Amino acid sequence: MKRLIYFALIALAALMTSCGATYTTLTVSGTPGTVIKNAGDDKVLGTIGESRTLQVNLDRDKYYAYLLSKAPQSDEFVPFALEFEEETGRYYGSSFGVGAGMGLACTGLGVEFSGLIVLLAGLPEVGGIMVGAGAAVGLAGVGLGWPLVYNDNSDVEHCYKYLPSSTNDDIFASGTPFPLRYRK
Amino acid sequence: MKKLLLMILPLVLLAAGCSPTKLAVSSVSYQSVRNAKTGIQPKAPAGASIMVRHSLSTDGVLNVYVTNLTDSVMIIDRTLSFFVNSNGKSTAYYDPTIKTTTTTDVASSTSSVGVNLGAVAGAVGVGGALGRALSGINVGGSTTGGSAVTNTTYTVDQPTVAIGPRGEVNMSREFQVEGIGKNFLSNLAGQVTSKENYVLTADNMNDAVSNFSVTITYSLDGGKTFDKIVSKYYTDALLTSFVKEKGRTNAPLRDIYMKKPDALKKDWFILYFNTNVPSLNTYYNDNLFDYK
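Listed in order, the protein sequences are those of chains A and B. Following our numbering, the residues of the first sequence are numbered contiguously, the last one being 293. Following our numbering, the residues of the second sequence are numbered contiguously, the last one being 836.
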């Protein structure tokens with residue numbers, strides 16, 4: 110039982126650290142010298158190096174459907190989509206942590222309240238221990254649940270993880286790629 | 545320990561049992577709007593007296609800005625300036641109705657009386673632990689009084705607007721253009737049952753899925769004679785490419801680029817990812833203008 114509790118505590122600590130990060134990292138590949146920009150805040154995220162890949166950080170406040178890239182010989186930014194895959198583990202982990210936090214907080218509150226009654230009934234030693242222990246458990250519950258509830262992580266809340274992405278500059282590199290074929 | 549776990553478990557299960565709104569991107573859409581006139585230059589040529597900028601938001605809301613390119617005072621006649629929507633319905637910029645705005649300022653004061661239960665307990669002879677506990681509890685009563693002042697503001701539209709030399713004004717009225725913007729694209733993609741990619745193009749206003757025009761009537765001689773500029777716009781390309789495999793959103797975007805290689809060079813365009821969660825999902829260019 111003790112091992113299980115230790116394992117759960119370590120897992121929850123890792124989860125809280127992961128959920129608390131304000132940005133996520135993803136890999137973009139493309140031609141060396143290509144500039145990558147976030148259209149949301151018009152901020153340049155970096156330039157792809159000789160390794161043909163670039164690690165960029167994105168805020169986790171919302172889903173970014175695309176980023177912009179500008180190839181070395183180009184004068185315009187071209188959107189490329191950020192692909193993703195479903196990932197439910199962190200959502201359920203976070204929910205589990207919130208539930209555990211709520212459970213601990215409620216349990217602590219119950220013990221504390223019972224201790225208060227015992228205290229009022231004239232058993233100060235037992236009551237005092239119960240109030241102290243209840244408050245400690247309650248605070249531990251709040252400490253566990255709070256960071257997981259009050260996070261702003263779109264990827265956890267909506268169960269996705271960005272996949273490595275590629276720019277679309279190759280389409281425009283050699284002019285018109287396909288003859289236009291429209292249908293009404 | 546077992547009892548503690550039994551108390552916690554229901555809440556854990558309750559919190560973990562909530563189902564999330566999972567991210568889904570169903571399609572990528574593109575729409576471009578062009579001026580019906582051909583040969584519009586990126587900058588108004590020398591000799592032009594008026595330039596009209598038509599700012600169209602991603603929601604299809606139109607704002608019009610008029611620039612006086614001359615050294616004279618320009619007068620805009622708003623009673624003879626119109627917006628015509630996709631459905632053919634025209635609306636004048638001048639709104640003769642009087643708008644009334646009422647605001648109320650409330651000044652209030654609050655007074656309260658508090659009673660400490662510990663004092664009451666002491667008075668009635670309750671001592672010990674209970675008396676000490678009650679000493680921290682206050683029970684209060686309060687009363688509020690005040691006065692309200694109501695201010696009424698009447699807003700009357702102006703039939704004419706003067707623009708100084710080289711100056712610019714906003715026409716002070718927004719219009720929702722039908723058939724343009726991300727809501728339109730989202731609804732259109734939702735209505736297609738076959739989920740087959742589609743492309744609609746138009747070479748003129750009559751064939752377009754949406755069009756609009758703006759007429760600005762102006763005078764450069766103090767209102768003796770009036771001239772007008774009529775700007776007409778229409779959707780010349782509308783493409784939607786559906787996401788075939790969950791999360792693989794770049795393939796439909798590339799499909800749009802393949803079919804419309806000049807997609808990013810249009811004066812007004814919107815690229816829209818149809819998502820179900822808060823997202824940065826719209827990329828657009830807003831550079832529609834006309835001159836005379």
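One should not assume that every hint holds.
Claimed, not checked - Taking beta-carbon pairs under 8 Å as the criterion, some of the chain A residues facing chain B (in silico): (1) Y132; (2) T133; (3) Y175; (4) D184; (5) P188; (6) A190; (7) F193; (8) Y200; (9) E266; (10) Y269.
As the list claims (entries may be wrong) - Computed Cβ-Cβ distance ranges for the label pairs, DEER-style: (11) A592/B / D184/A: 47 to 55 Å; (12) K566/B / E234/A: 50 to 58 Å; (13) I642/B / G155/A: 50 to 58 Å; (14) P181/A / K566/B: 32 to 40 Å; (15) D184/A / I584/B: 18 to 26 Å; (16) E234/A / A692/B: 54 to 62 Å; (17) G198/A / A692/B: 26 to 34 Å; (18) N829/B / K270/A: 28 to 36 Å; (19) N829/B / E196/A: 30 to 38 Å; (20) Q164/A / P709/B: 49 to 57 Å.
As the list claims (entries may be wrong) - DSSO-like mimics (lysine-lysine), calculated; alpha carbons at most 30 Å apart, straight line: (21) K179/A / K643/B; (22) K790/B / K171/A; (23) K581/B / K739/B; (24) K739/B / K171/A; (25) K179/A / K803/B; (26) K171/A / K810/B; (27) K809/B / K587/B; (28) K587/B / K146/A; (29) K772/B / K643/B; (30) K739/B / K152/A.
It is worth saying that the hints were derived from the structure and are not from the lab. Note that this is a predicted model, so its numbers are computed, not measured. Where a beta carbon is used, it is the ideal one built from N, C-alpha and C, also for glycine.
**Asked** Which earlier hints turn out false for this structure, listed by number in ascending order?
**Response** 1, 2, 4, 11, 17, 21, 23 and 30
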